[in-house]
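Chains as they are written, first to last, in the working numbering: chain A, 4 to 444; chain B, 113 to 394; chain C, 1466 to 1759.
Hints are supplied without guarantee of correctness; some may be wrong.
Here are some chain B residues pointing at chain C (derived, C-beta under 7 Å) [as the list claims (entries may be wrong)]:
1) Val139
2) Phe220
3) Met254
30 Å max Cα-Cα, derived BS3-like pairs, lysine-lysine [to be verified]:
4) Lys1570/C - Lys1651/C
5) Lys247/B - Lys323/A
6) Lys1469/C - Lys219/B
7) Lys1570/C - Lys299/B
8) Lys59/A - Lys247/B
9) Lys1651/C - Lys247/B
10) Lys1651/C - Lys1503/C
11) Lys299/B - Lys1503/C
12) Lys299/B - Lys1476/C
13) Lys219/B - Lys1476/C
By construction, these hints were calculated from the structure, which means they are not laboratory data. Each residue gets a CB set at the ideal place from its N, CA and C atoms; glycine is no exception.
So you can see what is in the structure, the chains are spelled out below.
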Amino acid sequence: MYKNALFLSAALAAVLSASPATAQTEITWWHAMSAELGEKLEEVAQGFNESQTEYKVTPVFKGTYPETLTAAIAAFRANEQPAIVQVYEVGTGTMMAAQGAVYPVHQLMTDKGEPWDPSGFLQPVVGYYSDTEGNILSMPFNSSTPIFYYNKDVFEKAGLDPEVAPKTWAEVEEFSRKIVDSGAAKCGFTTAWITWIHTENMSALHDQPFGTLQNGFGGPAAEFTFNNEVTVKHWDNLKRWSDEGLFQYGGPVGGADAQPKFVSQECAMFMNSSAGRAGVIRNATDFEVGFAPLPYYDDVIEEPKNSIIGGATLWVLNGKSDEVYNGVAKFFTYLSQPEVQADWHQFTGYLPITNAAYELGQEQGYYEANPGSDIAIEQIMRGTPSENSKGVRFGNLTQARDAVDAEFEALLAGQKTAQEALDSAVERGNQILRDFEASNS
Amino acid sequence: MVENRPFLNLLTHLVLIVGVATVVFPVYLAFIASTHDANAFARGLAPMLPGPHMVDNYALMLTNGLSSAGAPPVWLMLINSTVMALTIAIGKIIISIISAYAIVYFKFPFRLLAFWMIFITLMLPVEVRIMPTFKVVADLGMLNSYAGLTIPLIASATATFLFRQFFLTIPDELMEAARVDGAGPLKFFRDILLPLSRTNIAALFVILFIYGWVQYLWPLLVTTDSRYYTIVMGIKRLAASADADPYWNLVMAAVMLAMLPPVLVIIFMQRLFVKGLVETEK
Amino acid sequence: MQSKRTIFPNKLLPYALLAPQLIITIIFFLWPAAQAVKSSFEREDPFGFRTTFIWFQNYTRLFAEPGYLNAMGRSALFAIGVTALSMGVALLLAICVNRLLRSGKFYTTLLVWPYAVAPVVAGILWWFMFNPTIGIVPYLLDAFGYRWNHRVNGNDAMILVIIAASWKQISYNFLFFVAGLQSVPKSLVEAAAMDGAGPFKRFWTIVFPLLSPTTFFLMIVNINYAMFDTFGIIDGTTGGGPAGSTTTLVYKVYADGFLGLNIGSSSAQSVILMLIVIILTVVQFRWVERRVQY
């Protein structure tokens, strides 16, 4: 009994006195990485803490992406903000507009005299988070891009070559029809992220403007223009394929119902973030998964552009001491090291952020040993990015995406045509943009 | 039982069995999920019968499953949840029962205003007024403390309203008799109202304990120090957020484990229920 | 407003009794709520750098938006559905348990379990049950020839969120109905039985009226629950879709304010929401409470 009490109080004391006696500068890092990703993130922080003695990075899990962002904003308003916060890509517009709250990364690194070479980063990744002059505003951390997954076993059953994925949407339709007609699977394909994949990336791949002013990079006065011909045609097709049973809708936002449709072999093809690769492989125990770049319309463009990214970056918030920022700069330098980057990228399935990390992975033979793991990198690196494929930057993008999802559902329910749905999504989206512009000026 | 009607008794049991089965089914499903391997829930129709991995899953959860590198040990999260749930439940019951007593048994200026002021807190959950509430708590220096975790959640319109409803049903004769006997307001409250309220207090305690136990967003916001992590935050950390495909079997095992303390509270409080019942039987 | 015929004469004691509750309410509720009212007249960026006073613009904009009026209709449907379903089922179960006395204990324990499931998790469980691929419910419905699809069919989605939200509240209602039923004096029921009244007649003429304070309490609590506390469940199951058919007023506040960070508009929405519920509550106190027998 005594012993137990002693042990308990010792353990309690150990927990309560987690901060060490030495005068280390503490750097708080709020993040939204749960499960294994969270553990890996903590490993990264620990790696930095062990590499030096002056600073200590403390990662704090703050829930989902929206919860983390809202918590950080609430904390900032109460002057209790962390030094670093992980913000998802749709929050980029919000963070950029909050100039007084943010310490831009390029400036931080120059101020602190840390080595900073923007050309060392993968351009499509940092491009998404740069201003029009090419200055990087937030530290890329976990980026991903949508790719195409397919069920090789079902392909074989349907009499298709399991090593050949559809390249174009015409082929997706043709393959789907074969699969459904032959009874190899109930549906041809499903998808996560109607917004990100079938609207934003649809425009980028086909070099169509998603909005004015370089897709919003040029300033908050930008407007949406994604009711372009290609997207209308694509949505029209999706509706038709849905009616014919070739395509099944997986739900709004991230499309939570889509992955079960794919791994249960109900649908033979699936589009999702490249970061979902590990999860798909783990769940797809009864069949072999193939990976491919996203399909495109070859009558619109011969060589599709690069796809655009998603995921999150690390923003540095204002209002901390110089000491803290010294530590943040050192931490970011640590984070960009090829070994750290390659380890994070290979474990999580996120894109590497530096060329060096990518090259290191090639040297290690990682991509050969893990087929499909380089599809995403090749897809974002192909060709020369245009204004339309650099990314999208709009305020309140979360709300605008909600409007897109709702309009897509109205299309599927037969309440609207593709043109009407996209026109109305653009109109609602522009209203949201004007609100954002008004409240930030 | 007033009289014995076999048919009605049978019907009663039938309704209860069907009702309980339906209501408990989602919980059963969580239990089933916790006994399978990680993939069982993604392939085809979800299983309906227990799987072979129950021992592994629970053993993993109890040893180190819930705490990763940065999270505190499970027992500390359980202690935090218990402290939070107990403080909220007891605090709410105390401040509500005395304020309901004031509203029902006294007449004073601003009585109505006071009632409505309290009543209005029924509305607008924390999520909806998050920024200003957070600011208040931060200004009072209550971030990262048990006080910050509990006090803002202690004001309770529901409990006050319930006690008001209950006090109004207590016959006036009781109070008249007490006054004839020379009992003051505090004595009347202690000796008569409190014992009479026992069934309601027990019901309320169960409800409020669980209310405190399942809080998620508020602890997430006001704590940045892992010493104050609660068990539900621990579960959320296991479950889905960005890009991570959760291990549903482990998440559900954690969910089942986290349900045990509230269920113990229910079973314990039932003794009070039954006791109150036997007394009214007299 | 009800009160006792006889009361204690003390002047200061009631204030002392009310003080703790009122102080906490003022600091942690009224003050933040006042801030919400203030910001409903403003346009502000999330970080609070630029604030402009814009009178009623947030409000006029809302009422010009078809989606908002639609959300009002959906909320009404949702609130009525949840209140009726969760109270009806809970009352039926409570009556049954009350008849059984001791063996009812077992049922009670089981019936309270769902309440112990955190809302975060409840959303996941219902997503599982109704998932078109892996869920049991669409599978069973399919056997009866109904193609369940809450991702496209708005009615399916509404049924799903009503069932899921009611489920969370059944345990709560059940516990208070049991507590209420137990305070009904057995002597009254026995007297009626001796007069030859059957069990159903006894329930409607004696038990139900005596239960009215509890029913009134639960009705108000449930409407509040449905109006305010259900965005977690909606978020976890339908995400407000398809095409806004399960977007209730509070879900919209959550989506626009918490997820979308549009502070002015979401404040205006919470103010409207509060006004609606205050009016509803006052109406209930004035009209419904008259029928309540204390």
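In rising order, the numbers of the hints this structure does not comply with = 3, 7, 9, 10, 11
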